Structure formats: structure tokens, C-alpha cells
Amino acid sequence: MLTGLSLRLRVFLFFAALALGSDALIAGGLWFAATRADPAQPTAALMTGGIIAAFLVTGLVLAIWRLFDENVAKAIERLSSELRARTHGHVATGIDTAPARYLGDLAPAAGAVVSTLSSARDELDLTIAEQTRRLQEQTAQLSALLSDVQAGLILCSSAHRVVFYNGPAVGLLQGSGRPRLDRSVFDLLRKAPIQRTYQRLLDTEDNDAELLVSTTGCGRVIAAHMRLVSGALGIGSVPGYVLTLRDISADLRLHTERERLLSDMVGALRAPAAGLRALLDMAEDGRDNDPALAADIRREALDLTATVQDIAARHDAQEDTWWPMQDVRASHLIDALRGQLGDGGPTISAPTVFLRLHCDAFALVNLLAALIERVVDEGLAQAFTIDVTDDSPGALITIGWQGTPMAMDVLQAELDEPVRDSPLAVTGREILDFHNTDIWPERLPEGRAALVLPLREAERTTPINLAADKIAERPTVFDFDLLNRVPDGSKQGKRLRELTYVVFDTETTGLDPKGGDEIVQIAAVRLVNGKLVEGETLDQLVDPERPIPAASTKVHGIDDAMVKGAPKIDEVGARFHRICEHAVLIAHNAPFDLAFFHKQADRIGARFDHPVFDTVLLSAILFGQGETHTLDALADRFGIVIPEEARHTALGDTIATAEVFQRMIPMLEARGLDTFDAVLDAMQKNSRLMREMKARIG
Amino acid sequence: MGPHGTRHGGPAIALVCDAPAIGRRLAQDLECLGGSLRSYPAGPATRDALCADPPDLVIAVVMARDPSALCLCQSVGQTEPFAATRLVVLQDTCREIDHRRARALGADASLPLPCDPAQLREAALRLLAEHA
Chain A
1 MLTGLSLRLR VFLFFAALAL GSDALIAGGL WFAATRADPA QPTAALMTGG
51 IIAAFLVTGL VLAIWRLFDE NVAKAIERLS SELRARTHGH VATGIDTAPA
101 RYLGDLAPAA GAVVSTLSSA RDELDLTIAE QTRRLQEQTA QLSALLSDVQ
151 AGLILCSSAH RVVFYNGPAV GLLQGSGRPR LDRSVFDLLR KAPIQRTYQR
201 LLDTEDNDAE LLVSTTGCGR VIAAHMRLVS GALGIGSVPG YVLTLRDISA
251 DLRLHTERER LLSDMVGALR APAAGLRALL DMAEDGRDND PALAADIRRE
301 ALDLTATVQD IAARHDAQED TWWPMQDVRA SHLIDALRGQ LGDGGPTISA
351 PTVFLRLHCD AFALVNLLAA LIERVVDEGL AQAFTIDVTD DSPGALITIG
401 WQGTPMAMDV LQAELDEPVR DSPLAVTGRE ILDFHNTDIW PERLPEGRAA
451 LVLPLREAER TTPINLAADK IAERPTVFDF DLLNRVPDGS KQGKRLRELT
501 YVVFDTETTG LDPKGGDEIV QIAAVRLVNG KLVEGETLDQ LVDPERPIPA
551 ASTKVHGIDD AMVKGAPKID EVGARFHRIC EHAVLIAHNA PFDLAFFHKQ
601 ADRIGARFDH PVFDTVLLSA ILFGQGETHT LDALADRFGI VIPEEARHTA
651 LGDTIATAEV FQRMIPMLEA RGLDTFDAVL DAMQKNSRLM REMKARIG
Chain B
1 MGPHGTRHGG PAIALVCDAP AIGRRLAQDL ECLGGSLRSY PAGPATRDAL
51 CADPPDLVIA VVMARDPSAL CLCQSVGQTE PFAATRLVVL QDTCREIDHR
101 RARALGADAS LPLPCDPAQL REAALRLLAE HA
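Those protein sequence lines, which keep their order, are chains A and B. As numbered in the working numbering, residues 1 to 698 make up the first sequence, in order. As numbered in the working numbering, residues 1 to 132 make up the second sequence, in order.
The hints are simulated quantities; they were obtained by calculation from the structure and are not laboratory data. For clarity, every value in this text was computed on a predicted model and none was experimentally measured. From the three backbone atoms N, C-alpha and C, an ideal C-beta is built for every residue, glycine too. Do not rely on the hints blindly, as some may be mistaken.
[Claimed, not checked] Among chain A residues calculated to face chain B with C-beta under 7 Å, some are: (1) D438; (2) E442; (3) R495.
Please put together the full structure from these sequences, using the hints given.
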């Protein structure tokens with residue numbers, strides 16, 4: 001009934017009711033005093049009446065306040081939160097006007113503003129989406145191109161922070177940890193050579209230089225090429241730089257071993273050869289009937305043969321090769337072979353193969369094509385099958401056909417010929433030697449024959465068909481905005497968007513870390529420059545070293561069989577700690593998750609004493625403590641959809657928390673909480689809620 | 001060089017080797033096996049001769065990827081006339097890939113050179129026993 005009245009009239013009625021009610025209660029009190037008045041003590045009844053009236057007036061004021069608080073103050077607070085969420089948090093849903101129904105036209109007016117804002121945003125979003133799509137397409141194409149680059153690439157800002165890296169760089173530096181955006185390159189590579197070379201390039205007119213640098217963790221030797229980048233990619237007059245990396249540890253080791261072998265061989269052969277020569281000279285001088293001389297010759301000859309055999313054995317045991325190799329998918333190698341044989345060439349059929357071969361693909365394709373053509377020339381076959389099979393730790397390439405095998409002398413003659421299109425007139429035999437392997441003919445069942453070529457190194461892969469898969473497989477990670485950031489190492493006074501965050505979540509065996517519950521899954525993502533970094537995600541099952549209760553499995557779907565063989569918390573915790581370096585941690589109900597890490601700090605070998613933003617507390621700041629602050633409620637409030645299959649998985653909840661936090665940043669900024677310190681202060685003011693959260697986990 | 005050797009009855013063994021000194025030494029080691037032992041050089045003529053009268057056991061010496069020796073190994077290991085013949089390959093290499101190649105060509109045993117005489121006799125006896 002009251003909703004039909006204007007807001008001003010309703011407020012007037014509130015206060016009129018208060019005034020009239022007070023008047024009535026005071027009048028009642030006076031009436032009470034008049035009827036109970038004792039002529040001997042006239043003030044006593046008056047006092048009693050006054051006290052009763054005062055209590056009743058107080059009660060009336062409280063009742064009116066409660067109505068006012070519920071229907072006006074709280075409603076305004078909720079409405080303002082909703083407006084903030086839609087204005088700054090980019091929430092697309094309409095405003096719930098029911099709680100503000102007594103605020104007259106305010107809620108419908110706010111709804112209209114939101115609707116207008118939403119329409120304007122939709123139009124703007126469409127335009128931006130179109131531009132973004134084009135940019136994303138170009139980015140995807142660039143990433144696809146870069147994923148094919150075999151060399152490790154790292155782009156650093158002038159402050160030596162990583163701004164870009166590709167998949168091969170991750171592989172090259174895996175012993176030192178993983179490259180991560182906005183981390184110092186000196187966490188991965190020794191500081192002195194890089195800093196010295198960079199400074200030299202800055203001081204001279206040179207633009208690039210070669211350098212040798214070792215990794216910080218495993219001491220691998222990396223040959224690097226440093227090139228300064230300026231202009232659009234640099235920071236004003238101080239350029240950043242690109243490092244092109246190539247691991248030469250194996251080459252150096254191989255050359256060292258060969259040099260050592262050669263040196264040992266010369267040293268070891270000299271003495272017995274000289275001795276033998278002397279003895280033979282003596283025999284020529286007519287002392288060949290001397291039995292002692294014959295025995296000496298035999299001894300020296302035996303020494304010589306023993307030395308030669310020892311050196312030959314050492315030579316044969318050397319498996320490494322200096323020839324440059326690449327990792328190439330078997331299917332790509334077969335495609336290249338088809339291309340090399342041409343459209344009019346023999347028929348090639350090959351099943352789909354999910355293996356990546358470590359080889360010189362160009363040389364190998366030329367060799368295989370030459371051999372197939374030789375088989376055709378010999379009249380042995382016109383149609384071939386090519387099977388590349390797992391032959392752990394390598395692979396087996398089998399060129400099969402119906403008919404008789406190629407004769408070994410024909411094969412050997414072909415291998416002694418220079419391979420066509422080979423830039424250095426390399427023979428087939430040399431190509432096989434570079435790969436430390438051989439090829440031979442085999443007779444297969446059912447009248448089939450084959451040439452079989454084992455390769456020493458290969459690994460299983462997953463199918464790829466799309467460029468996106470290819471990029472995900474060998475991620476190229478970059479954020480060029482980081483070039484414009486000058487890090488000072490401190491978080492004090494930093495704007496929220498400048499901070500690096502690690503958003504994480506855990507799944508556990510239960511809710512009581514002190515009672516023996518443990519982590520069964522950890523997930524984490526990094527937010528740099530306010531953006532989620534693709535390709536820097538942790539999603540890891542953890543062996544809790546205790547049974548997982550069925551009730552917990554029901555929640556997160558992880559059972560004992562799934563964590564069997566998974567790494568333990570000491571290993572995963574240490575990995576997670578490395579990811580968290582220099583970052584602000586973000587979690588939903590962070591004290592709960594952190595309690596599990598704190599209790600395992602000794603096993604992990606590191607303490608999680610990072611600054612922490614808790615999305616529960618941030619929600620309390622933004623929406624008031626009286627609201628619901630569950631992750632589901634927040635996701636619902638921000639219009640974030642958590643797929644059902646991802647809910648209550650560590651990664652699903654982590655991504656949802658990250659999205660929630662990303663929406664919260666502009667809302668916090670709009671409230672003036674735009675720096676690290678300001679947010680920390682605001683969280684401290686909600687300390688009651690923080691204490692309650694901590695109390696819940698003991 | 002034509003085949004030479006003596007027949008004493010028992011299993012027929014062919015020793016194919018292009019290095020005369022090594023061939024003589026191996027022949028000495030194999031004499032105790034009894035039967036007939038004949039020595040041959042590697043090459044097409046030997047393949048034809050062996051094909052005409054396939055022995056029970058062929059012992060082939062492969063020095064430095066000698067194509068004619070490998071070709072003979074392939075004939076013995078992969079062609080029908082030698083279906084009942086056992087093959088031992090001796091190679092002057094320690095590389096696993098070379099021994100794998102020998103087995104793929106049809107060798108029943110692949111041993112390195114220089115060879116332990118006892119090891120060679122044991123391999124020959126085992127294969128002859130299987131053949132019998």
C-alpha cells in the first residue's frame with residue numbers, strides 16, 4: 001500500500017508517526033499521573049508517568065529506526081553496491097529493485113540508468129569486440145609463427161624483466177625454473193655476462209652481440225645472441241633486448257670428449273708404437289733369432305692392440321652427435337617426404353602418428369626420398385607404407401612394400417652417394433652417422449619387405465590440428481606493456497593494476513588442517529598488468545599421503561587412485577612457492593588454504609609470508625558485511641559463469657576467483673582504494689570478519 | 001681365392017672372413033667343434049657356393065661395414081635357401097646399433113671382435129644343437 005506513496009510523503013509519514021506516537025505516549029503518561037496522583041505526594045505519580053512515557057517513546061523511536069534502517073539505509077547501501085558493480089565491475093544483469101521498493105522512484109531510476117549504460121556499453125563492446133577479434137587473430141598468427149621458432153627467445157625490458165618468452169626457452173631453462181612474465185631474467189641466467197654485454201651495447205654503437213652465459217640452476221651453458229630493441233618496444237631512450245638462446249652444453253661436452261679421446265689416443269699410441277719400431281729395427285739388424293726379442297715384440301704388439309681396442313670401444317660408446325637436430329612431428333616428416341617425392345612419385349600411405357622425432361628432418365627426408373626412389377629404380381615396388389612407431393626411448397621408421405627386400409650391397413652403394421639437395425654433398429652414410437644410427441633391409445611377414453631406420457630420441461605427443469593447439473603445446477607468452485614498467489621491488493604505494501598477483505585454490509581431504517587434513521590438488525594462475533597470463537598455469541594433483549574420505553571425494557571428485565603416484569606436498573609446495581615469488585596472493589577464504597601451507601612449511605622448505613588479498617574481505621568492503629560472500633554468490637553477482645564440471649576443482653575455482661578479482665579492481669579504484677596500501681588498510685578495518693574466518697579453521 | 005678346408009663328418013660350418021689372420025685364428029678356435037669347417041672370402045661367388053650346398057652354420061666376419069660381408073649376411077639371414085642355416089656375425093664394433101642391424105639381417109647371434117673363443121664356441125654349439 002505504502003509503495004504507492006511518494007518518497008517524500010513516506011519520509012514525512014515516518015516522522016509524523018514518530019511525533020504523533022511520542023505525543024500520544026507523553027499524553028498517556030500524563031493521564032497515568034493524573035489518575036494515580038496522591039495529594040500527599042503529587043510528584044511520585046508524575047515521575048512514574050514520565051518514566052513510563054520515556055521508555056515507550058524510546059521503544060517507538062527504536063521501532064521507527066529499525067523500519068528506516070531496513071527500508072531506507074540498507075536499501076540505499078545495497079542499491080549503491082549494485083550500481084557500483086554495474087558501473088565499474090561490468091556486470092550486465094539488471095538491478096534487483098525489490099529491496100529498494102520503499103525508496104520511491106530511486107530504484108526504477110537506477111534501473112533505467114543501468115539499462116542505458118548497458119545499451120551504450122553493448123554498442124561500444126561490439127565495436128571493441130570487432131577490433132579485439134582482429135587483433136587476436138593477428139596475435140594468434142604471430143604466436144603460431146613464433147611457436148615454430150626452434151631457438152629459445154626471451155625479450156627483456158631495460159630493467160631486465162621478462163616481457164616475452166617462447167616454448168623452446170621454457171625447455172632450455174627448465175633446470176633453472178620456468179620463465180615468467182615480469183620476473184627478473186637473472187633468476188634464470190647468470191647476471192654478470194648479460195649485464196656486461198647489455199651495458200657494452202648501450203655504451204657503443206653496436207646493436208647486437210654474442211655471449212656465453214650459464215643457467216643459474218643446472219649450470220647448462222647457453223650460447224646467446226643479444227639484440228637491443230628500441231622504438232615502439234623500448235622505453236624511451238633506454239632500449240630493452242632480445243636474447244636468442246641455444247643450449248651448447250651437449251656440443252661442448254661432445255667436443256671435450258672427442259678432444260680428450262684424440263689426446264689420449266695420441267699419448268697412448270706413441271709409446272708402444274715407438275717401442276715396437278725399436279724392436280723391429282733390432283730384428284732387422286739380424287737379432288731376429290733372439291728369443292727375448294721375440295717376446296718383447298709380442299708384448300709391445302699386445303700393448304698396442306689393447307690400446308687400440310680400448311680407444312675403439314670409447315669411440316663407439318660416444319652416442320652424442322654435434323650435428324644440429326630439431327624436434328619434428330613424425331606426421332610433418334612424412335608430409336615433407338611426400339612433398340619431396342612429388343605428385344608423380346610413388347604412392348605413400350602412412351597411419352597417423354603421435355610422435356615427435358629428434359632429428360635433422362631436412363637431411364632425413366632427403367635420404368628417405370633417395371632410398372624410396374632407389375627401391376623404385378630397382379623395380380622392387382611402386383607403392384609404400386611408412387610407419388613411425390614408438391621404440392622407446394626412440395622411434396622406428398619403417399618403409400614397407402610388397403615384394404623382396406633391397407639387397408644390402410645396393411643399399412650400401414646408395415648410402416655412399418651424396419644425398420640430393422644436400423648443401424654440403426653429405427652422403428646417406430654420413431647422415432646416418434650424424435644420427436648415430438643405421439638403416440637395414442628386413443623381410444616382413446606376408447611377402448612384405450622393409451627398410452628399417454631407428455632414431456635414438458623421440459617422445460610421444462598429442463594430436464594437433466589447430467593452430468591454437470600448436471600454440472598451447474609450445475606457448476608463447478608476452479605482455480609488451482611490461483616494457484614500460486620500472487620495477488622498484490616494493491609494493492608500497494603501488495597501484496593495484498601494477499602489482500603481480502598469483503590467484504590460487506586448493507582441494508583438500510577435509511576442512512581441518514590441524515586435525516590432519518591435507519591438500520590433494522593445487523591450482524594457480526598469474527595476473528600481470530591486471531591480465532591473466534595464458535601459459536603460466538599450475539594445476540597439479542598432490543599425494544596427501546593419507547586416504548581421501550568419501551565425503552571429500554564427493555565434493556571435488558578426487559579419489560585415492562587419482563593421486564597415486566602424484567608428487568607430494570614438499571615438491572608441489574616448493575614449485576608453487578617459486579610461482580608466488582614477488583607476487584600478492586589472492587584466494588577466496590585465503591586463511592583456510594594458507595593454513596595447509598603454513599603447517600607444511602618445513603617440508604616445503606619455504607614460508608608463504610606473502611601479502612594476501614582475500615576476495616571474501618574484498619567483497620565485504622565492496623558489498624557490505626551483511627551480504628553473502630561465497631564464491632558462487634560473487635560469481636553470480638558479477639555474472640561470471642563457472643561451468644558445473646569446473647566447480648569445486650582447484651583450477652575452476654581459481655579461474656573464477658581470478659575473474660572475480662579482475663572485476664573488483666575497478667570497483668575498488670572507484671572507492672579510492674586504488675593502491676596496495678589502501679586495500680590492505682581497508683581489509684584491516686574488516687578485521688572482525690578476518691578473525692571469524694580464522695576462527696572457523698581453528 | 002677359392003674355398004679351402006677339411007671335412008670330418010658332423011655339422012657343416014662355413015667361416016666367411018676377408019682378413020686372413022683373423023680367419024686362421026677363428027678356424028683354430030672352431031676346430032674343436034668337429035664336423036667340416038670351410039673358410040670363404042666374402043663376395044657373390046661365396047654366396048652362390050653356399051647356396052648350392054647350404055651349411056648348418058655360417059660364421060661371418062664383418063669388418064668396418066664391409067658391404068659384401070653384410071650382403072652375404074642378408075642372403076643367409078633372409079633368403080629361402082638358407083632357411084635351415086644358423087648365422088653368427090662377428091663385428092669389429094661395440095656400437096649397439098651395429099649388433100641390432102646384424103640381428104635384423106637374420107643373425108642368430110652377434111658378437112664383437114676381438115672375440116672370446118669360449119664365447120664363440122658356446123654360441124656355435126648352442127645354435128648347432130638347436131639346428132639338430
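Results for each hint:
1. A distance limit of 7 Å between C-beta atoms decides the matter here; for D438 (chain A) the minimum to chain B is near 5 Å, and the interface restraint holds.
2. With its C-beta approaching chain B no nearer than about 5 Å, E442 (chain A) sits inside the 7 Å limit, and its interface hint holds.
3. Nearest Cβ of chain B to the Cβ of R495 (chain A): about 61 Å, over the 7 Å cut. The hint is violated.
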